[in-house]
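Asks: For reference, the chains in residue letters:
Protein chains: 2
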Amino acid sequence: MPAGAPPVLVVTRLDDVTADTVISELNRRAVPVARLDPGNFPGTITMTAAFDTFGLSGILRTATRNVDLARVRSVYWRRPSPYAAPEGIDGQAGRWCAEEARYGLGGIVGALPGARYVNHPWRNRDAEYKPAQLATAERCGLTVPPTVITNEPDQARRFADRYGPVIYKPLRETDYLDDIGRALTVWIDDVGPDQIDDGMAHTAHLFQKRVNKTADIRMTVVGDHLFPVRIDGSPGVDWRRHYDALTYTLIDVPPDVANGVRAYLDAFGLTFGAFDFGLDSAGRWWFYECNPNGQWAWFPEPITTQITAAIADQLTNPPGAAT
Amino acid sequence: MPAGAPPVLVVTRLDDVTADTVISELNRRAVPVARLDPGNFPGTITMTAAFDTFGLSGILRTATRNVDLARVRSVYWRRPSPYAAPEGIDGQAGRWCAEEARYGLGGIVGALPGARYVNHPWRNRDAEYKPAQLATAERCGLTVPPTVITNEPDQARRFADRYGPVIYKPLRETDYLDDIGRALTVWIDDVGPDQIDDGMAHTAHLFQKRVNKTADIRMTVVGDHLFPVRIDGSPGVDWRRHYDALTYTLIDVPPDVANGVRAYLDAFGLTFGAFDFGLDSAGRWWFYECNPNGQWAWFPEPITTQITAAIADQLTNPPGAAT
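The listed protein sequences correspond, in order, to chains A and V. For the first sequence, the working numbering assigns the number 1 to the initial residue and increments by one for each residue that follows. For the second sequence, the working numbering assigns the number 324 to the initial residue and increments by one for each residue that follows.
Note that these hints are calculated values from the structure, not bench results. Each residue gets a CB set at the ideal place from its N, CA and C atoms; glycine is no exception. Hints may be right or wrong, so weigh each one.
Interface residues of chain A toward chain V, partial, derived using beta-carbon atoms under 8 Å [what the hints assert, rightly or not]:
| no. | residue |
| --- | --- |
| 1 | 131 |
| 2 | 155 |
| 3 | 168 |
| 4 | 171 |
| 5 | 174 |
| 6 | 202 |
| 7 | 204 |
Start from the sequences and build out the full structure, keeping to the hints where you can.
Replies: Structure, rendered in structure tokens:
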């Protein structure tokens with residue numbers, strides 16, 4: 001890969017349909033692609049990066065590619081597997097190796113000169129904090145439903161009395177397994193005042209006034225391109241539980257919402273965001289959250305193809321330069 | 324604390340002499356201070372934050388203070404203890420509680436409207452990656468010694484042959500205990516080619532040309548104030564091993580270095596940085612690293628008092644408004 005057009009580095013795990021979709025499009029455009037899963041380091045990966053008179057240079061070797069670090073034009077950051085101890089090294093030596101890898105390889109991949117990031121992983125990390133999402137959305141002129149984050153049962157009950165019906169939403173998607181090892185999802189759901197008990201004091205909880213919605217909206221944003229999809233047919237609060245019942249329609253965006261989401265992405269330094277809104281009967285868009293690394297390849301055509309092209313444009317910036 | 328001047332929130336663990344020094348100065352200036360260790364949440368801490376028509380508001384209750392979140396004027400982020408499972412809840416339920424706390428309380432404390440952060444914890448986190456430090460320092464016009472980050476023994480030997488003597492430096496200070504539970508420090512030290520073996524392949528390592536230094540420099544920077552201290556008397560590479568032998572002198576800063584460190588802090592969004600340089604016999608300043616949360620209260624007078632005042636000025640911004 002040293003010669004030819006500068007490559008796009010795709011950082012993700014083996015099993016990632018969304019990355020595959022973008023890689024196919026980059027292949028179609030004849031843009032060189034290298035795929036990296038930092039969780040395979042050291043394993044099948046070696047890396048040498050030098051800081052010299054002309055800044056960072058070096059080579060990252062994966063099982064199938066040699067990547068000239070100084071020439072990487074962009075990084076598509078998807079869902080890499082976690083840094084792990086090298087095979088055969090456990091205990092604190094293993095943890096030490098994994099941390100050195102995170103700060104060494106992770107630092108290099110996060111500091112490539114001249115590379116454009118979609119998105120930079122450290123910007124994603126900031127943008128995953130829901131309280132920061134809500135504060136930023138309000139500052140950018142988006143409309144946020146009344147929300148409380150608390151570990152005080154009395155305050156949660158007071159909020160539910162005032163704003164009910166309210167929903168509960170986890171602050172973070174943490175892995176949680178049931179008794180037989182299956183991954184559990186904590187869904188967004190209605191909460192009654194009787195469900196708020198003193199166990200709540202053990203950690204922070206988010207409650208939000210349930211929007212009296214006529215439909216849900218998932219708006220995927222890539223740079224200046226907005227893909228606002230109206231989602232109809234969800235019988236409950238969390239449409240992710242009802243994929244089979246849903247229909248999707250591309251709709252128009254009110255100008256203040258379009259300005260708001262662009263300001264929001266700028267505030268966090270993001271190029272990509274998957275915004276969730278509730279649409280009420282007055283036509284108001286209520287901001288729920290923005291996943292800086294949300295999935296989108298499950299949309300029906302032509303939406304997926306359009307988003308794929310917009311991401312590929314960002315990664316080949318300026319569009320078409322390498323074709 | 325609801326009435327009166329807006330408070331400064333100091334985020335740190337119980338045992339933090341550096342924070343104590345700043346709190347004493349704020350007390351002297353009659354600026355209200357609240358101290359928070361998120362590692363004590365929930366324990367002695369309760370929190371309710373609401374997002375409403377006027378943005379974020381709410382109350383954080385510690386063992387000794389009620390803090391009006393909307394009125395916090397600044398946050399001094401020092402060394403909090405880690406988020407932990409609540410007492411009596413272990414396993415994955417405990418981990419789940421700790422993660423909800425990190426993203427809930429941590430998100431709130433990171434998103435206070437109008438608060439100035441010294442430094443914002445998410446900016447510190449970015450700035451702790453040494454490869455990003457080196458890349459940013461070079462981009463800002465600072466002079467970086469030739470450096471390599473690698474897990475390839477051959478490349479490390481080649482670097483040592485070319486640039487020796489070279490030093491080894493850990494990429495991250497990870498807790499590491501010896502056989503009887505004492506914390507070990509991995510020191511920065513000389514490395515010969517014979518010490519580079521195949522064990523190196525297990526993770527990333529940083530090697531750097533050893534600067535032929537006449538003295539070390541620790542420059543603490545607080546906003547526009549630079550505190551460049553020349554450190555003489557270290558018999559070895561890492562002056563932290565020889566505190567008893569050291570002498571300290573405030574010196575002048577070359578203008579390009581002053582511009583470089585200000586650009587560096589701007590690039591990372593930092594207000595505070597503890598920069599380490601090596602000074603060679605030609606008067607060149609070689610950038611080693613910048614600790615975004617470095618210690619400084621160990622300097623002799625009058626340096627410590629001056630840094631304390633500069634930090635207190637940042638936290639009461641504009642200086643003197645609350646006195």
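Asks: Indicate, hint by hint, whether the structure satisfies it.
Replies: For each hint, the structure was consulted:
The criterion of a C-beta within 8 Å of any C-beta in chain V is met by residue 131 of chain A, whose closest approach is roughly 3 Å, and the hint holds. Restraint check, residue 155 of chain A versus chain V: the minimum CB separation of about 4 Å is within 8 Å; hint holds. Restraint check, residue 168 of chain A versus chain V: the minimum CB separation of about 11 Å is more than 8 Å; hint violated. Of the supplied interface hints, the one on residue 171 of chain A holds, with its beta-carbon coming within about 4 Å of a beta-carbon of chain V, less than 8 Å.
Proximity of residue 174 of chain A to chain V holds as hinted, the smallest CB-CB distance being about 4 Å (cut-off 8 Å). At about 4 Å, the closest approach between the beta carbon of residue 202 of chain A and any beta carbon in chain V falls short of 8 Å, and the interface hint on this residue holds. Hint status for residue 204 of chain A relative to chain V: holds, with the closest Cβ pair at about 3 Å, below 8 Å.
Against the hints set out earlier in the document, a violation occurs for number 3 only.
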